[in-house]
Amino acid sequence: MKNTIAERILDFLKGFPPFDALTYDQLFTIASQVKVLYLEKDSYVFKQNEGLHDSFYVVKDGGIGVYRDNNLVDECDEGDIFGLRALIRKDHYLLDAKAIEESIVYSMSSKVLEDIIITNPKANQFLIASFATNTRNPYSKEDKGTLFANEDFLQPNTSSFSEIQSAKFSKNPIVCQAHTIIKEACLVMSHNKVGSIVITQNKQPIGIITDKDLRNKIATGLHAITHKVEAIMSTPVITFPPTITVAEAQIAMLKNDISHLCITKDGTPNSELIGILSEHDIIVIHGNNPSVLIKEIKRATSTEQLKYIREKAQELLNNYIEQHIPISFIANIISAINEAITKRIITLSITETNQEPPVPFAWLAIGSQGRKEQLLLTDQDNALVFEDVAENQKEIANAYFLTLAKAINNKLNTVGFELCPANMMASNPKWCLTVSEWKAQFKNWVTHPDADKIMLCNIFFDYDMVYGNHQLVDEMSSSIFEAIESYEIFLNFMSRNALKNPAPLSFFRSFLVEDSGEHKDQFDIKARAIMPLVDAARILVLSHKIKDINSTIARYQKMETLEPQNKDLYASCISAFRILLRFRTQQGLKHDDSGRFIDVNSLSKADRLKLKGCFKPIKDIQELLKTRFKLSQLL
Amino acid sequence: MNWFKHKTYPNFYNAYAESFKHQRKSLEATRFVVFDTETTGLNPNQDYILSIGTVTVQDFNINVADSLECYLQQDHFNAETVEIHGLLKAGNITKIEETKAIKLFLKHIEGAVLVAHHIAFDVAMINQALKRMDLPKLKNKLVDTGQLYKNTKYVKEDKHYSLDQLCNTFNITMHDRHTASGDAYLTAVLFLKLSALLKKKKNRDLRLRDY
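Protein chains in written order, with our numbering: chain A, 1 to 635; chain B, 1 to 211.
Check the hints yourself; a few may be wrong.
Now the in silico label distances, taken between C-beta atoms and shown as ranges [to be verified]: (1) A/ALA527 to B/ILE84: 37 to 43 Å; (2) A/ASN71 to B/LEU42: 53 to 59 Å; (3) B/ASN14 to A/ASN71: 38 to 44 Å; (4) B/LEU142 to A/GLU50: 45 to 51 Å; (5) A/GLU40 to B/ILE84: 29 to 35 Å.
List time: in silico DSS-like cross-link candidates among lysine-lysine, alpha-carbon distance up to 25 Å [claimed, not checked]: (6) B/LYS107 to A/LYS41; (7) B/LYS202 to A/LYS41; (8) B/LYS150 to B/LYS100; (9) A/LYS60 to B/LYS199; (10) A/LYS526 to A/LYS406.
Not the full set, but computed from the structure, chain A residues with beta-carbon under 7 Å of chain B [said to hold, decoys possible]: (11) ILE5; (12) ALA6; (13) LYS35; (14) GLU40.
Keep in mind the hints are simulated off the structure, nothing from the lab. Even glycine gets a Cβ: it sits at the ideal position worked out from N, Cα and C.
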């Protein structure tokens with residue numbers, strides 16, 4: 001029978017996870033069982049300690065606030081699910097759910113939930129994730145970490161091209177017979193420089209020996225090298241057809257805890273062996289092993305070579321992001337590669353000048369490069385410091401380092417790091433100074449702060465020495481702290497500046513988007529979400545006089561140990577920062593830009609949920625700055 | 001032979017009539033059936049029901065599972081109204097005979113309070129169908145959301161408020177307008193909103209007679 005109302009409800013639900021993972025028939029059944037609740041503002045769906053309802057809820061229109069002891073802990077709007085936790089735990093409600101505005105809510109029976117959990121793994125995963133997010137409270141011991149633990153969980157399973165492409169296996173596999181003596185088989189393996197040998201019978205694979213077997217079964221003395229291979233071979237072998245994809249191969253290796261797969265004509269053990277696919281082959285496909293890249297960088301003799309390597313690093317980044325490798329790890333690898341490239345360029349450039357530097361110097365990466373948080377190729381930010389020289393030598397030294405810097409900037413540009421439009425580069429005479437000049441400059445910035453100088457502090461205080469003399473950099477760092485000590489209110493100015501970008505949610509629900517200009521109606525993830533966290537971390541470590549910790553994550557980690565009472569807040573800042581950085585990188589890779597401006601409407605519900613989860617720590621850390629630096633008086 | 005003796009009615013009608021004898025008075029226990037009919041025209045004496053859609057409200061929740069949606073076979077066809085309700089004489093929706101639809105409907109509204117927007121017309125259409133089946137008129141208590149709207153306000157004006165107007169006033173997203181079920185659903189949401197308003201105006205829990 002036709003059911004217009006159920007169809008309409010279905011149309012709504014199918015746009016939101018977990019319902020989007022269900023079949024039409026499943027959804028129709030669910031939709032036709034829905035109860036529709038109309039809630040006036042301030043009326044409750046359930047109250048703390050109330051007995052369990054036999055249902056969970058999805059917001060259709062309006063907004064439902066979830067409260068713990070009258071503190072708003074979450075806010076659900078269109079498509080959000082709430083009331084799951086009690087249902088899953090089969091316990092009374094720990095939270096209040098109250099309409100923040102007039103709302104319409106779909107109520108669904110717990111039976112539906114059970115069906116979803118049993119029948120659909122994807123939907124099931126999402127429910128568990130929402131279960132965590134909907135009851136999130138970064139400060140409660142019980143739920144700690146659950147929100148952010150789902151960072152990867154909420155991402156759609158994008159299978160990368162490389163994972164679905166068919167795997168390239170080694171043809172002409174090395175084989176022997178079952179009665180071959182182990183020693184002979186090993187000689188064959190050695191001769192062919194392979195880590196495995198397949199035992200065949202009528203060209204069909206019946207067993208395999210790998211380096212691991214030799215280690216575990218021979219070297220331990222369990223078998224003698226004079227035995228036949230059949231004594232130690234693993235059998236039966238795992239076989240696949242030549243069409244095997246990289247993803248399939250990886251799964252098969254993981255599942256069977258093996259590192260070699262046999263490729264046969266029809267994929268069964270009963271057909272001819274035509275190849276062997278090793279874990280190493282898979283790594284080669286994912287390619288671009290970072291240590292190999294770094295070696296190549298060190299050997300590079302031209303900028304063109306470095307450019308090629310940097311492009312490979314970009315592929316590596318792509319793969320890492322797709323494989324959900326932890327973002328701090330990715331940032332470290334990419335920074336190490338960028339740093340190695342810069343170092344190589346500096347040595348190449350010095351060689352080109354045909355002259356040793358007149359005095360020791362150091363090359364500094366500044367801004368996000370200095371913090372090692374730059375994953376995408378953006379413009380370069382750098383500076384140069386050199387030792388004080390006698391007045392009559394000054395001109396020569398200046399000229400040398402400016403020429404050198406110019407060469408380095410140009411080479412970096414060739415490699416792919418565009419020239420900085422704001423000219424924050426060492427080739428700019430303003431940022432190529434002696435250590436005394438830098439110290440004077442820092443002192444001036446700190447003791448006479450204005451908006452521009454604060455901005456410069458934000459960029460230059462995050463420096464990281466890439467090449468050169470460490471002593472000079474230490475001196476610079478000490479001078480910053482001396483300056484701050486002499487003029488402590490500087491940190492208050494800095495904090496006030498950090499609060500210029502308010503927490504990214506406008507009165508709770510919608511993303512703050514740009515209201516004019518080229519990026520109108522887009523969300524500026526850098527200015528509104530990443531920078532507030534970066535700025536706060538910098539101010540906090542400066543206030544503790546912590547030197548040499550430049551990355552935002554490391555800074556918050558340091559703060560966790562320095563202020564255990566705020567540990568949970570700092571931990572949530574770290575998690576939020578990781579999510580935001582990954583998100584920006586993904587967006588940048590997807591749109592081939594800096595990833596900074598995001599069209600919120602193009603995001604999936606899950607992504608919006610994930611982003612919104614990051615905003616609470618931002619708000620909280622800003623509150624902390626406000627209180628700590630008594631900004632209510634200053635503002 | 002007694003021509004004036006009460007007629008005997010079929011069982012389904014007796015069951016329907018019986019359901020009002022022991023009506024409970026509590027509002028929470030009351031089952032409201034919100035309904036709408038699509039018709040070939042606006043004259044109950046000559047036009048016919050094309051479809052009936054209902055949704056029930058109990059304890060101030062709309063229960064989608066407890067709803068009825070049926071399409072009636074048409075011997076009478078008015079091409080002019082097709083563009084309003086979109087129902088073709090043939091079409092691919094399963095249609096049933098009018099008598100069967102009325103039987104289903106009576107069963108569905110047993111013991112319920114009927115709610116509709118400008119309910120007099122819908123009731124007149126149903127009663128006309130009952131008359132064709134040689135049955136008496138509907139016995140349910142009736143609530144008209146048009147009238148309810150006026151009750152929630154202090155306006156005395158005798159203005160006619162269309163469902164469209166009220167959906168706009170109350171911010172109800174209109175879907176499936178001019179299908180019986182769609183309109184019934186919109187009316188049900190309107191009914192909930194009006195009930196909340198009425199409650200606020202009375203400043204106490206509502207009783208059935210408030211409607």
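Taking the hints in turn, this is what the structure says about them:
{"no.": "1", "hint": "A/ALA527 to B/ILE84: 37 to 43 Å", "result": "52 Å, violated"}
{"no.": "2", "hint": "A/ASN71 to B/LEU42: 53 to 59 Å", "result": "55 Å, holds"}
{"no.": "3", "hint": "B/ASN14 to A/ASN71: 38 to 44 Å", "result": "58 Å, violated"}
{"no.": "4", "hint": "B/LEU142 to A/GLU50: 45 to 51 Å", "result": "35 Å, violated"}
{"no.": "5", "hint": "A/GLU40 to B/ILE84: 29 to 35 Å", "result": "33 Å, holds"}
{"no.": "6", "hint": "B/LYS107 to A/LYS41", "result": "36 Å, violated"}
{"no.": "7", "hint": "B/LYS202 to A/LYS41", "result": "18 Å, holds"}
{"no.": "8", "hint": "B/LYS150 to B/LYS100", "result": "36 Å, violated"}
{"no.": "9", "hint": "A/LYS60 to B/LYS199", "result": "23 Å, holds"}
{"no.": "10", "hint": "A/LYS526 to A/LYS406", "result": "29 Å, violated"}
{"no.": "11", "hint": "ILE5", "result": "5 Å, holds"}
{"no.": "12", "hint": "ALA6", "result": "6 Å, holds"}
{"no.": "13", "hint": "LYS35", "result": "5 Å, holds"}
{"no.": "14", "hint": "GLU40", "result": "5 Å, holds"}
Violated hints for the displayed structure, listed by number in ascending order: 1, 3, 4, 6, 8 and 10.
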